[in-house]
Every structure is written in C-alpha cells, then in structure tokens.
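**Student:** Now for the letters of each chain:
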Amino acid sequence: MSASAGMAVRKSKKRISKSDQVFHIVNTVLWIVIMFMILYPLYLVIIASVSDPDAIIRGEVVWHPVGISFRGYEAVFKYRELLRSYGNSIMYTFASVIISIFVTLLAAYVLSRPKFKGKALFNLFFIFTMFFGGGLIPTFLTMRDIGLYNTPWVIVLMGSVSVWNMMVARTFIQTSIPHSLYEASMIDGASHFSYFFKIVLPLSKTIIAVLAVYYGVSKWNDYFTGLVYLRDRNLYPLQTILREILATLQVDKSGDYMMSMMDNVESMVEATKVAQVAKYCIIVVATGPVVILYAFMQKYFEKGVMIGSLKG
Amino acid sequence: MKSAAAVQTQKPSTSASQRAKSYLKDNWQLYIMILPAVAYFIIFHYMPMYGIQIAFKDYKAVSGITGSEWVGLKHFKAFFNAYYFTRLLANTLILNIENLLIGFPIPVIMAIMLNQIKNDRIKRGIQTTIYVPYFISTVVLAGMLYIFLSPTSGIFNTVRQWFGLRAIDYMSSASAFRPIYIISSIWQGAGYSTILYIAALSGIDQALYEAAEIDGASIWQKIRYIDLPSILPTIMMVLVLDCGKLLNSNTEKALVMQTAGNIPKSDIIGVYVYNVGLGNAQFSYTAAIGLFINIINFILIISVNKISKKATDVGLF
Numbered sequence: 014m015s016a017s018a019g020m021a022v023r024k025s026k027k028r029i030s031k032s033d034q035v036f037h038i039v040n041t042v043l044w045i046v047i048m049f050m051i052l053y054p055l056y057l058v059i060i061a062s063v064s065d066p067d068a069i070i071r072g073e074v075v076w077h078p079v080g081i082s083f084r085g086y087e088a089v090f091k092y093r094e095l096l097r098s099y100g101n102s103i104m105y106t107f108a109s110v111i112i113s114i115f116v117t118l119l120a121a122y123v124l125s126r127p128k129f130k131g132k133a134l135f136n137l138f139f140i141f142t143m144f145f146g147g148g149l150i151p152t153f154l155t156m157r158d159i160g161l162y163n164t165p166w167v168i169v170l171m172g173s174v175s176v177w178n179m180m181v182a183r184t185f186i187q188t189s190i191p192h193s194l195y196e197a198s199m200i201d202g203a204s205h206f207s208y209f210f211k212i213v214l215p216l217s218k219t220i221i222a223v224l225a226v227y228y229g230v231s232k233w234n235d236y237f238t239g240l241v242y243l244r245d246r247n248l249y250p251l252q253t254i255l256r257e258i259l260a261t262l263q264v265d266k267s268g269d270y271m272m273s274m275m276d277n278v279e280s281m282v283e284a285t286k287v288a289q290v291a292k293y294c295i296i297v298v299a300t301g302p303v304v305i306l307y308a309f310m311q312k313y314f315e316k317g318v319m320i321g322s323l324k325g
Numbered sequence: 009m010k011s012a013a014a015v016q017t018q019k020p021s022t023s024a025s026q027r028a029k030s031y032l033k034d035n036w037q038l039y040i041m042i043l044p045a046v047a048y049f050i051i052f053h054y055m056p057m058y059g060i061q062i063a064f065k066d067y068k069a070v071s072g073i074t075g076s077e078w079v080g081l082k083h084f085k086a087f088f089n090a091y092y093f094t095r096l097l098a099n100t101l102i103l104n105i106e107n108l109l110i111g112f113p114i115p116v117i118m119a120i121m122l123n124q125i126k127n128d129r130i131k132r133g134i135q136t137t138i139y140v141p142y143f144i145s146t147v148v149l150a151g152m153l154y155i156f157l158s159p160t161s162g163i164f165n166t167v168r169q170w171f172g173l174r175a176i177d178y179m180s181s182a183s184a185f186r187p188i189y190i191i192s193s194i195w196q197g198a199g200y201s202t203i204l205y206i207a208a209l210s211g212i213d214q215a216l217y218e219a220a221e222i223d224g225a226s227i228w229q230k231i232r233y234i235d236l237p238s239i240l241p242t243i244m245m246v247l248v249l250d251c252g253k254l255l256n257s258n259t260e261k262a263l264v265m266q267t268a269g270n271i272p273k274s275d276i277i278g279v280y281v282y283n284v285g286l287g288n289a290q291f292s293y294t295a296a297i298g299l300f301i302n303i304i305n306f307i308l309i310i311s312v313n314k315i316s317k318k319a320t321d322v323g324l325f
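Those protein sequence lines, which keep their order, are chains A and B.
According to my numbering, the stretch in the first sequence is residues 14 to 325, in order.
According to my numbering, the stretch in the second sequence is residues 9 to 325, in order.
Do not take every clue at face value.
[Said to hold, decoys possible] Taking lysine-lysine pairs in the DSS-like style, the calculated list, with each CA pair at most 25 Å apart, reads:
no., chain 1, residue 1, chain 2, residue 2
1, A, Lys31, A, Lys130
2, A, Lys218, A, Lys91
3, B, Lys68, B, Lys126
4, B, Lys85, A, Lys132
5, B, Lys85, B, Lys68
6, B, Lys85, B, Lys253
7, B, Lys29, A, Lys130
8, B, Lys131, A, Lys312
9, A, Lys132, B, Lys29
10, B, Lys33, A, Lys128
11, A, Lys132, A, Lys31
12, A, Lys130, B, Lys33
13, B, Lys317, A, Lys31
14, A, Lys312, B, Lys230
15, B, Lys29, B, Lys126
16, B, Lys68, B, Lys131
17, A, Lys128, A, Lys211
18, B, Lys82, B, Lys68
19, B, Lys230, B, Lys314
20, A, Lys91, A, Lys211
21, B, Lys82, A, Lys31
22, B, Lys314, A, Lys128
23, B, Lys314, B, Lys253
24, A, Lys211, B, Lys253
25, B, Lys29, A, Lys31
Simulated from the structure, these hints should not be mistaken for laboratory data.
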C-alpha cells in the first residue's frame, strides 16, 4: 500500500519552494493593488453621486457617501435634452445591433463555406478596408452627397459592420458548427437560406451574444459620429450631449443644463454646486445599462471571446 | 438536391460552363447573403475613397468632388512646410510610441501572473472585473479625469493636500497630458488585451508543465521557458498591428481631453484634421493630410510585418 499510494500522496504533499512562495505573495499583492485601482474610481463615482454637494467640494467623500442627497439625480431626470438623447441612443443602439448581427452573421456564414467561389476576392475586399480608407473629410463629404448627413440613419448604419467581428464570427461558425450537419442538410434538400436560418442561427447563441455586446457597447459609447454627422440637436445620441456637459469647459450650448439645476434652488452658486454632483449621477446613468448588460451576457461573452481570440 | 453530389462524382466530361451553371444553381444564395455586407463597405468605405482625390484638388462645394479643379501636390507642400508640421508629427508619434512602450508589456505581464492563480473562482472574478473599464465610454472616461483631477474638488488633489502638496490643474497642463492619456488608456484597455493573452495561455499543453515540475523548475522558470514562447505568436500579432498604427490618432480620445492649456501636446494629427477640416472647412488641405498619414501607415504595417516574419517567423500575413 505504501509503495503505490506513496506516489500519489507524495505529489499532493510536495513542498512549495521558497522562490515559488515569494512568487505567490507578490502575485497576491499585485492583484489586490490592481483590483483596487480598477474598482475604486468606479466606487467613488457611485458614492459621490448620492452625496451632499458641499461635502464633495470639501473633499470629504473618499471612502463612503457623506450627507446622502439625491439632488443630483433629481436634476438629471429633469434635464430634457439629456433624456431625449438617452432615448435616441436606446433606439439607435437597438436598431444598429440588430442590423449588425444580421449582416455580420450572413457574411460570416458565406465566408465560412469551403467551396465558396470568389472567397479570396471578397476577403481582400473586406480586409483592405482595415488598412486603407477615405479618412474623416472624404467620408464626411460623401455622407453629405448621398443625403445621409443629419439623419438618424447615419448613426444607425455607420460602423454597423466590422471586418474584425466578421472574421471572429466566421471562425466561430467554422469551428463550432460541424460540417457534417451541413452535408446532411444538403442531402435533405436544404438551401443555404434554410440551413442558415434553421440550423446555423439557433446554434450561434454564443457568438450572437458576443456580437451584441461588442456592437452594442460600441454604438452606445460613440460620441464622435453624432458630433460630426448630425446638426439637429434633437437627433443627438447620449454621448454627444454628455461631451458638452462632462468634457467641455465652456457653458453648455442649450442653457437647459443650468436651468434644470436651478430648480428648487436659491442661487446660481447653489445651481453650480448641484451641477457638480449631477456629473457623477450622469456618469452612473449613462454607464449603468452597459455594465448591467455585461453582467447579464457575461456567461456567453467570456466563452465567445476565448473562442474568437484563440483562432481569430 | 442530389445534383451537387451527382455532378461531382461524374466523370470529368462535364464542361467548365456546365460545372459553373451547376455551382451557381446550388450556391447563388451565397451571393445574395453577402450582399448587405458588400453594400455597407461600398457606401461607407469605398465611396469615400473616391473622395480622397480632393487632396489633389481645390474642393469647392458647388463643384462637388468631381468638378473641383486639380492642383497637384499643393496641399502636401503646404503641410510639409507649415511651421506646425513638426509639432503635429512629433505629438502624434511620441504619444503613440510612449503608449506602446508602456502599455504593451502590461497586459502580457498581467496575463502571465493571472494564469498562475490557482483558485478558479478568484481567477474568473478578476477576469470579469478587469474587463469592466473597457465598457466605459471615452466621454465618461474623460469626464472622470476632469472630475478626479480637478484642482478644486478632485480626489487626486485632495490626497495631495493631505500630504501638504499643493493642488495642480492637471488637465490644463501640457506636460501632464501624455502621462494622463497613457495611464487612462492602460486603465481602460489592459483588461481587454489581457483576456486575449489568457486565451493563448490556456491553450498550452499541461504535459509541458508536468515535465517542468519533474525537472524541478520554479514558477519563474516555467514562465520563462513555457509561457513566454507559447504566447509569442499572439504577442507578435498584436505588436505588428500596433506598430502599423504608430501614426494613427485616437482622435476621439485626444479631442475630448484637449483643453486650452494642453494644446501644445494634445494637438495630434487627427485632432488637427477635425478642428481645421470640419471647423474651418479646409476640406482639401486636411484630406491631403489624412491621405499622407494613411499611406505612411500602410507602408509601416507592411514593413513591420516583414521584419516580424524575418525575426520571429510569425507575422500578421
């Protein structure tokens, strides 16, 4: 008993060498520091968003909220232009993601077919755009010329297909959907259309989740397209309005911002203070949905990212 | 239909046109299915390429792209001779090089260290967390920077004052621009790259580790002789891609971080093109600048790929 069991027992009781012990200590410290550096700024934004404006200015809000106050959130929900742009972004993102997933998967499917004639040509057609393009100015002029400038469509459609995502999806289809399924379907008389819709799509839940997150987040977070291609403030997506509030040091253009802060407040000074807190609240309200989406899609997402990066 | 299989097993007496017809009969749908993607790239990528020609013209809105008159290399010459040419180029290049030098190794190190964590739950918890900053928008990130670095109420200056140091308006300082840009870029993007390398590390054959164990290798040695060589292909692929972007501008990020105070360093080519091209409607001039950068990037990525292949046998293509 001692001889044969000895091998097994010896392995699990193996002493960890000094240098390995040091390694594990260093590693642990490293990750505690990294986790802190990632989570603390986010934590700070959350606690500041419910804190008293004066406490924030005095620098008292460091580890916990001080003087719980929801005036920041109150002001945010009265800020009409912000709310409208929020609604715009929801619609843009929704429409855009559906189109993106559809177009991307269709193309990925085609590119995954081994006997697809012209594959090399199409690949070149797509991949070339990753290295060469019109540039900002020619694209701007083109959008104007074809009438997409200052329409919702330019937001929904621009950036809705990415070559990188297409290749990741293609790899997914190639590796996760057995070719035997395809051959069996063809023998049964299926067409590409029916095979795609009846078999490929239902089996692609993981990659659909990955695409939804990549495209959705990219669309939701984009401020630049709205800035360049829209003129009508009614059409602005959320992030384009946010830029005026969070990232320009001039007074915002609408005047609406300060007005909504002015509600129930005695003076300009007070309004300015509330505006400070409101910034934290706006960040929470703008980023919250994205983080929540990530939390929900997490299961599919990590698996999909692994598959995609391994071979894509 | 049986026809596909039947045609393929027939003797090679079928003519080329018959084979072509049979192929199309079975596969015409593929060409319809790929059409939306093709249309997208034509509209948003290839049509704008037609507009690149205004770099060699004096674009006037009334004449349109085709009607404006040719002026040859006038805009390119103007750009190369401009007093700000060197500054723009330097700002763009130095920012990207520093970003690469500092930001490139960090995800690699993180992935290797993360890979050594034995507790699976902790490992996955960390993986989930480091990905979160990736989801924060550029505007929100910049907003957080303005807030945290504010000289009056920002947490960073609050802590400085605890130590008796005075508050500094970092976002208005040109010398602080690059560090802030780079550190925040790492904060936001390291998680994303780390996951890429973790995927590569997870593909390593366990037998290699076991063999190393038997030879009495320490963890540092295992990393040096197993981990690093195994993820070298992935590292080179990312490196080649990054080098091809050395003259790129993350216009969206720099634009939103630009203040009156940091212009000397934050004025990178992309931001200049936006401000002057769209702001001042100098379309032809900035289109020329854009084309110039695009061509250099193209040459760059082909060269770096060649070098990478010569040096390590691995390249992007």
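**Student:** The structure should be examined with respect to each hint, and the outcome stated for every one.
**Tutor:** Hint check:
1. A:Lys31 with A:Lys130: This hinted pair is violated, its Cα atoms lying about 60 Å apart.
2. A:Lys218 with A:Lys91: Given that 25 Å is the threshold and the Cα spacing comes to 39 Å, the pair is violated.
3. B:Lys68 with B:Lys126: 65 Å, violated
4. B:Lys85 with A:Lys132: 41 Å, violated
5. B:Lys85 with B:Lys68: 20 Å, holds
6. B:Lys85 with B:Lys253: 24 Å, holds
7. B:Lys29 with A:Lys130: Holds: Lys29 of chain B and Lys130 of chain A sit about 13 Å apart, inside 25 Å.
8. B:Lys131 with A:Lys312: 15 Å, holds
9. A:Lys132 with B:Lys29: At roughly 18 Å apart (the allowed maximum being 25 Å), Lys29 of chain B and Lys132 of chain A satisfy the hint.
10. B:Lys33 with A:Lys128: 14 Å, holds
11. A:Lys132 with A:Lys31: 56 Å, violated
12. A:Lys130 with B:Lys33: Holds, at about 13 Å.
13. B:Lys317 with A:Lys31: 40 Å, violated
14. A:Lys312 with B:Lys230: Measuring from Cα to Cα gives roughly 31 Å; hence the hint is violated.
15. B:Lys29 with B:Lys126: Violated, because 59 Å separates the two Cα atoms, which is more than 25 Å.
16. B:Lys68 with B:Lys131: 58 Å, violated
17. A:Lys128 with A:Lys211: Measuring from Cα to Cα gives roughly 21 Å; hence the hint holds.
18. B:Lys82 with B:Lys68: Roughly 15 Å between the alpha carbons, so the hint for Lys82 of chain B and Lys68 of chain B holds.
19. B:Lys230 with B:Lys314: 30 Å, violated
20. A:Lys91 with A:Lys211: 47 Å, violated
21. B:Lys82 with A:Lys31: 68 Å, violated
22. B:Lys314 with A:Lys128: Answer violated: Lys314 of chain B to Lys128 of chain A is near 31 Å, above 25 Å.
23. B:Lys314 with B:Lys253: 15 Å, holds
24. A:Lys211 with B:Lys253: 41 Å, violated
25. B:Lys29 with A:Lys31: Not OK: Lys29 of chain B and Lys31 of chain A at ~72 Å, beyond 25 Å, violated.
Hint compliance for this structure: hints 1, 2, 3, 4, 11, 13, 14, 15, 16, 19, 20, 21, 22, 24 and 25 are not met, and every other hint is.
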